[in-house]
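**Q** Spelled out, the chains give:
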Amino acid sequence: GENVEQHPSTLSVQEGDSAVIKCTYSDSASNYFPWYKQELGKRPQLIIDIRSNVGEKKDQRIAVTLNKTAKHFSLHITETQPEDSAVYFCAASTGTASKLTFGTGTRLQVTL
Amino acid sequence: GAVVSQHPSWVICKSGTSVKIECRSLDFQATTMFWYRQFPKQSLMLMATSNEGSKATYEQGVEKDKFLINHASLTLSTLTVTSAHPEDSSFYICSGPSAGGIGEQFFGPGTRLTVL
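Quick note, the sequences are listed as chains A and B, same order.
Just so we're aligned, residue 810 is where the first sequence starts under our numbering, counting upward by one.
Just so we're aligned, residue 30 is where the second sequence starts under our numbering, counting upward by one.
By construction, these hints were calculated from the structure, which means they are not laboratory data.
All C-beta atoms, glycine included, are put in the ideal place defined by N, C-alpha and C.
All clues stand as given, with none of them false.
One side of the interface only, derived from the structure: several residues of chain A facing chain B at Cβ under 7 Å: (1) Arg852; (2) Pro853; (3) Leu855; (4) Ser907; (5) Phe911; (6) Thr913; (7) Gly914.
The whole structure should be built from the sequences, with the hints applied where relevant.
**A** Okay, structure coming up:
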């Protein structure tokens, strides 16, 4: 089955700096790659996603890149703000049943 | 996006009792729902796929006799934790896939289970 690895496990940046989180996946059949932000005790919140027919997607301060050949995808957050502090999860799906395999998570802390 | 509700949002029970968690899709029909479990400071792990009108599909290592899943209608899936023990204490989250089976999943708010 699919295996998703995520790095780093923790990331501390100063407000205004950029943050990058990287994930790799194992199943070449995976074609949908969402990123979630989760605050303590709450459901995962989709912040951006990308499909395998696209190499990059951007939404304001957030961008995701996908390298299908290398089987890795990355989340980029620019101009970080304290409210970006949370745990971020990447995930992968083969799409046929939308079952998601999650990465191990990255705890992002944005300091003033 | 579509809305998924869960009930209860939290539950505390004694060891050995059973607990039922409901997951409802409020504005869409779901032939498939997913149940995830999340231990503190860990990732979401898929437990099983709930299929309307048929048996659930369990992930490897998940005891189907302990975690009973029923998908009675296109808007309701239930997870029953039978004979709960402290090690079952976790955050349980359900989700429903977007139409077409490819793409975004809509997550319920989760249920915090604490077994004493």
